[in-house]
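Protein chains in written order, with the numbering used here: chain R, 1 to 254; chain A, 1 to 254; chain C, 1 to 295; chain G, 1 to 295.
Think of the hints as simulated: they come from the structure by calculation, not from any bench.
All of these numbers come straight from a predicted model, not from anything done at the bench.
Just to be clear, a hint being listed does not mean it is correct.
[Said to hold, decoys possible] In silico lysine-lysine, DSBU-like type, Cα no more than 30 Å apart, as pairs:
id	chain 1	residue 1	chain 2	residue 2
1	C	Lys273	R	Lys78
2	G	Lys92	R	Lys237
3	A	Lys153	A	Lys112
4	R	Lys112	R	Lys78
5	R	Lys252	G	Lys93
6	A	Lys252	C	Lys92
7	C	Lys174	C	Lys232
8	C	Lys117	C	Lys178
9	R	Lys78	C	Lys281
10	A	Lys251	A	Lys186
11	C	Lys117	A	Lys251
12	A	Lys251	C	Lys93
13	G	Lys273	R	Lys252
14	C	Lys92	A	Lys237
15	A	Lys252	A	Lys124
16	A	Lys237	C	Lys81
17	R	Lys124	R	Lys237
18	R	Lys62	R	Lys153
19	A	Lys237	C	Lys93
20	G	Lys281	A	Lys78
21	G	Lys81	R	Lys237
22	A	Lys252	A	Lys186
23	R	Lys124	R	Lys153
24	A	Lys153	A	Lys190
25	A	Lys251	A	Lys62
26	G	Lys117	R	Lys251
27	C	Lys92	C	Lys281
28	A	Lys124	A	Lys62
29	A	Lys74	A	Lys112
30	C	Lys281	A	Lys237
31	A	Lys78	G	Lys273
32	C	Lys281	C	Lys93
33	A	Lys251	C	Lys81
34	G	Lys92	R	Lys251
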Amino acid sequence: MADGTPVTVTITRILNETPNIRSFFFDQPFVFNPGQFVMVWVPGVDEIPMALSSLNSITVQKVGDATSALFSMKRGDKLGIRGPFGNGFTHGEKVLAIAGGVGAAPLLPLVKADCVMTMLLGAKTESELLFLDQLDECTDVVIATDDGSQGNKGFVTTLLDDLNLALYDRIAVCGPEVMMRSVLAKVTEKGVLHKTEFSLHRYMKCGMGVCGSCCIDPSGLRVCRDGPVFSGTILQKSEFGHYMRDASGRKKSI
Amino acid sequence: MADGTPVTVTITRILNETPNIRSFFFDQPFVFNPGQFVMVWVPGVDEIPMALSSLNSITVQKVGDATSALFSMKRGDKLGIRGPFGNGFTHGEKVLAIAGGVGAAPLLPLVKADCVMTMLLGAKTESELLFLDQLDECTDVVIATDDGSQGNKGFVTTLLDDLNLALYDRIAVCGPEVMMRSVLAKVTEKGVLHKTEFSLHRYMKCGMGVCGSCCIDPSGLRVCRDGPVFSGTILQKSEFGHYMRDASGRKKSI
Amino acid sequence: MVTIRPGPVNVGGVELQNHLLLAAGVLGTTGASLSRMLLLGAGGVVTKSIGPLPKEGHSGPCLVALEDGLLNAMGLPNPSKEFVDELAPLAKKPVVASIFGGNPEEFAEVAGWFSGKVAAAELNLSCPHAEGYGAAIGSDPALVEACTRAVVRTGLPAWVKLTPNVTDITAIGKAAEKGGASAIVAVNTVKAMRISTGLRRPVLGNRYGGLSGTAIFPIAVRCVYELYEAVKVPIIGCGGVSTADNVVELMMAGASAVEIGSAVHGDIQVFEKIRAALYAKDGVMASEIVGCAHG
Amino acid sequence: MVTIRPGPVNVGGVELQNHLLLAAGVLGTTGASLSRMLLLGAGGVVTKSIGPLPKEGHSGPCLVALEDGLLNAMGLPNPSKEFVDELAPLAKKPVVASIFGGNPEEFAEVAGWFSGKVAAAELNLSCPHAEGYGAAIGSDPALVEACTRAVVRTGLPAWVKLTPNVTDITAIGKAAEKGGASAIVAVNTVKAMRISTGLRRPVLGNRYGGLSGTAIFPIAVRCVYELYEAVKVPIIGCGGVSTADNVVELMMAGASAVEIGSAVHGDIQVFEKIRAALYAKDGVMASEIVGCAHG
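So that you can see chain R by itself, here it is in the shape it has in the complex (with noise of 0.2 Å):
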């Protein structure tokens, strides 16, 4: 169809990342801004946004119905696709690039483009370390865990006091909503706020800018439409890192 209904896609091939990730690449490429992302119907199971690790994959964390369901998923087995949606991350020359566990994906095709001068990487462990080969070629990786099996023990946040922040035109942050947060409380202090980005994580039905789902307090702008790629100073005063809404419209607590 030529429409905006689901693209049919095979999976091709599955990588295990992490214990916990995984990679599902498929036949065909979509062209995508890094940051925007695609809602991945599972069929029979539901429909999901994910952020596109590259052309032709996604890259998923186990967390609920829908992603089990794609984990059991094979090599052969159909995919509905719909997107790629939202703004992605605005161009810079010299990016700094923070990531949080399963939030590597979305960073990892701007680390491609060739644009982001450092990485600072977290996970909870050594082995949950996403995308860390892959980084490495392309770019300056920095390492936290909280663990401390690997780089520096200890919130990803803290590795920025070892950087010197004017170096970078812009910041672009994926991680859980907690560790986003006080990266926006550490650029914030730092007056770098207005350099950053983050990619938000919010419930949405439809992922093109009409049911509402997504929307955010207090602007009313929706994560689908209008992001998932938020300025810092937008979210500063909002619901970020406060609550979100969950599939009812009933807000809960991050």
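Starting from the known structure of chain R, fit chains A, C and G onto it as the hints suggest.
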């Protein structure tokens, strides 16, 4: 509306061309090829196919309900126009045009396009010769009237005998079907059938090749879309000159 | 794209040349026009709807093109019995006579004229803009059943074309099946209107009309899908089909064949084009995909 | 183009800032989103439909874009009573609460939560894809009348949003009027389906959904036109409006105001753009064109 629904036009001028024929000029031009027609909607009455006699005019003979209603309209009144539709005349360099009565209407723009060497113009009587002055300015007009009140006495067909038909690359014909059928016979006899095109009139409902009310036998070609201009070759073994169909689809003799 | 292996197509008692039929009301006014459409790749043709008496139809405008469809109110113009002669050159061809009437007797009368001369009769119980005919009858299950039965008695396979302008199309489909229909055709046009803001009146002479074309394709898919779960007789899909993938989609919803109408406005070669894209020697059996989107 | 002279707009008991309302189900899930749409030029906003209990809605896909419309089956996701708090910052603004329930009692209960806090309640008697709600109730005149009356008793002006998926929409409109409706909103989405031929199943998680957008505009015009000849209460047109001329067309059909939904998919600035094109100091009075395409 940007689609194929009627364009509303306002009548800016009404010209009495002959005792029974008027031109209605409107406030919007329509880009067209000579021989194409528009569907003219007389609000509250009916919609009828009419040749464009210029970019912004139709020239109409009073023959039925819709044309009578049109004749009662005044400057400032509004019409709906769909089209232009149909194919129009094939381009030629040295064209002979043959018109009978109101059949001069679609031929006028052809003459004004400066490709008509000679025009044969016929009517019942002098006062019914349509567009004589305008035609005379642009081309060599030869006249026939049934009553001999101007030009040759008799049918326009007889004028063909005095012409060297080898001079022309195309012959464009429009007029009453009986007259056109006799032209068809004459050009066949003279061996120039292949140069000849006739503009047909048939009852039509949709004007755009869907409903089938104007299809001709035996080809099934649609006058509104495959025509209204057909080569003499196509028409020779056809219903042309013999019968047509009424609004219900029943055949009626010509 | 899913392609279909060529093979014999027999639907609702009619042997078709492929899965694509010319829909009623489109280029079906003369025998010559129907012949042309068969030559241009239609696997079967349905005639203009024929009624008990000649009708001239509504005053114009009768049809306008919208961006994504056609809006028409022809008013069932037809030459009545005279039309039978039009079909003489089409003997043995896959021609289906569309018929209408105001009651079962009229349906039987008109069907009788065509008995032995066409492959089937398609009951127009669905035209949304002709008072006392079409949808006026087609939204009443008891009348649908009675009209269908009356036509079945003439010996012709009875195809029943349904209107989508009802609260529950499956109730009408079941009534047609009960009356002995050989096939159900779903759907006719959707009742609609456009207004000329310049002239401050509806654009159609009849004011109300029927919407066809791509705009209604999702409605046709839904109706075919609903009917497939409600009736056992074959369903012929109709409504906004303009590509081979549309054909496959309607078949997956449950259609055994499809009718194509408005798409000839875009391109009179549409049958040939869809046929070329739809069939392939290494395609799937049609029976594999009919209704496969269920369950 | 016909333009309208700016002036006060009071429809169905609600003072609007212009003739253009944000339709229910579109960007109406949070108070912030509704505020944004008012800032972006909507003359009034209708909330996401709120029901007696929180609902998560259907599994996805829930909405797909077609070439000429949107197809959705959200499944009435809503936070229920918690939603009342979302509207606190919108006090005195032209906010209409869309509400649904499975019976008159539930409608009354939900309407009661909003009494005094919104300008009106819009009864969703028309959602085509939620079992036991919406169109399941909205195709039964007696239930429509009872639900309307139950909401009227809460003191809120009751707007009743109708489904086009019925044989006769005027019967439903009359029932709403009899129940005391302050306005009728016509129409909700048209029941439809698309199938993924690649995946061989309906594209929506709920299989069936509702079609909106330009595809259904001619159906909306027809329904408004029919209702205008059947009821006396004001009609609010809805369905596929995306231009100022569409607004004028629905008003000529009989609408006193219009709701706009799917067009925000193309452009979230659509209210501001239509407003800029629709109003002019030398325009006609709105009252001159409402229903002018009749008679």
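Against the structure, the hints:
1. Taking the CA atoms of C/Lys273 and R/Lys78, the gap is about 28 Å. The hint holds against a cut of 30 Å.
2. For the given pair, G/Lys92 sits about 25 Å from R/Lys237 by alpha-carbon distance, which is consistent with the 30 Å threshold.
3. Distance restraint check for A/Lys153 and A/Lys112: the Cα-Cα separation of roughly 27 Å lies within the 30 Å cut-off, and the hinted pair is therefore satisfied.
4. At most 30 Å may separate the alpha-carbon atoms for a hinted pair to count; R/Lys112 and R/Lys78 meet this at roughly 27 Å.
5. With a C-alpha separation of about 27 Å, the suggested pair R/Lys252 and G/Lys93 falls inside the 30 Å cut-off, and the hint holds.
6. Straight-line distance between C-alpha atoms of A/Lys252 and C/Lys92 comes to about 28 Å, which keeps the hinted pair within the 30 Å bound.
7. For a cut-off of 30 Å, the pair hint linking C/Lys174 to C/Lys232 stands: about 9 Å separates their Cα positions.
8. For the hint linking C/Lys117 to C/Lys178, the alpha-carbon distance of about 25 Å falls within 30 Å, and the restraint holds.
9. Restraint check for R/Lys78 and C/Lys281: satisfied, since their Cα atoms lie roughly 24 Å apart, inside the 30 Å limit.
10. Taken as a hint, the A/Lys251 and A/Lys186 pair is honoured in the structure, with Cα atoms around 26 Å apart against an allowance of 30 Å.
11. Simply put, C/Lys117 and A/Lys251 have alpha-carbon atoms about 21 Å apart, close enough for the 30 Å limit, and the pair holds.
12. Restraint check for A/Lys251 and C/Lys93: the C-alpha separation of about 23 Å stays at or below 30 Å, so the hint holds.
13. As the CA atoms of G/Lys273 and R/Lys252 are separated by approximately 36 Å, the hinted pair breaks the 30 Å bound.
14. A hinted pair counts as satisfied when its Cα atoms are at most 30 Å apart, and C/Lys92 with A/Lys237 qualifies at roughly 25 Å.
15. The straight-line distance between the Cα atoms of A/Lys252 and A/Lys124 is roughly 24 Å, inside the 30 Å bound, and the hint therefore holds.
16. Between A/Lys237 and C/Lys81 the CA atoms are separated by roughly 26 Å; this keeps the pair inside 30 Å, and the hint holds.
17. Annotation: proposed proximity of R/Lys124 to R/Lys237 holds, straight-line Cα distance about 28 Å (limit 30 Å).
18. For a cut-off of 30 Å, the pair hint linking R/Lys62 to R/Lys153 stands: about 25 Å separates their Cα positions.
19. For the hint pairing A/Lys237 with C/Lys93, the CA-to-CA distance comes to about 24 Å; that is within 30 Å, so the pair holds.
20. For the hint linking G/Lys281 to A/Lys78, the alpha-carbon distance of about 24 Å falls within 30 Å, and the restraint holds.
21. For the proposed pair G/Lys81 and R/Lys237, the alpha carbon gap of about 26 Å is at most 30 Å, so the pair holds.
22. Of the supplied pair hints, the one linking A/Lys252 and A/Lys186 holds, its CA atoms being roughly 25 Å apart against a limit of 30 Å.
23. The suggested pairing of R/Lys124 with R/Lys153 holds, with an alpha-carbon distance near 10 Å, which does not exceed 30 Å.
24. For the proposed pair A/Lys153 and A/Lys190, the alpha carbon gap of about 22 Å is at most 30 Å, so the pair holds.
25. About 23 Å separates the Cα atoms of A/Lys251 and A/Lys62, which keeps this hinted pair within 30 Å; it holds.
26. Between G/Lys117 and R/Lys251 the CA atoms are separated by roughly 21 Å; this keeps the pair inside 30 Å, and the hint holds.
27. For a cut-off of 30 Å, the pair hint linking C/Lys92 to C/Lys281 stands: about 27 Å separates their Cα positions.
28. The hinted pair formed by A/Lys124 and A/Lys62 meets the criterion: a straight-line CA distance of about 15 Å does not exceed 30 Å.
29. Taken as a hint, the A/Lys74 and A/Lys112 pair is honoured in the structure, with Cα atoms around 27 Å apart against an allowance of 30 Å.
30. Restraint check for C/Lys281 and A/Lys237: the C-alpha separation of about 41 Å exceeds 30 Å, so the hint is violated.
31. Only pairs whose Cα atoms come within 30 Å are accepted, and A/Lys78 paired with G/Lys273 is accepted, the gap being roughly 28 Å.
32. Taking the CA atoms of C/Lys281 and C/Lys93, the gap is near 25 Å; set against the 30 Å cutoff, the hint holds.
33. Between A/Lys251 and C/Lys81 the alpha-carbon distance is near 12 Å, which keeps this suggested pair within the 30 Å criterion.
34. At most 30 Å may separate the alpha-carbon atoms for a hinted pair to count; G/Lys92 and R/Lys251 meet this at roughly 24 Å.
Of the numbered hints stated above, those contradicted by the structure are hints 13, 30, listed in ascending order.
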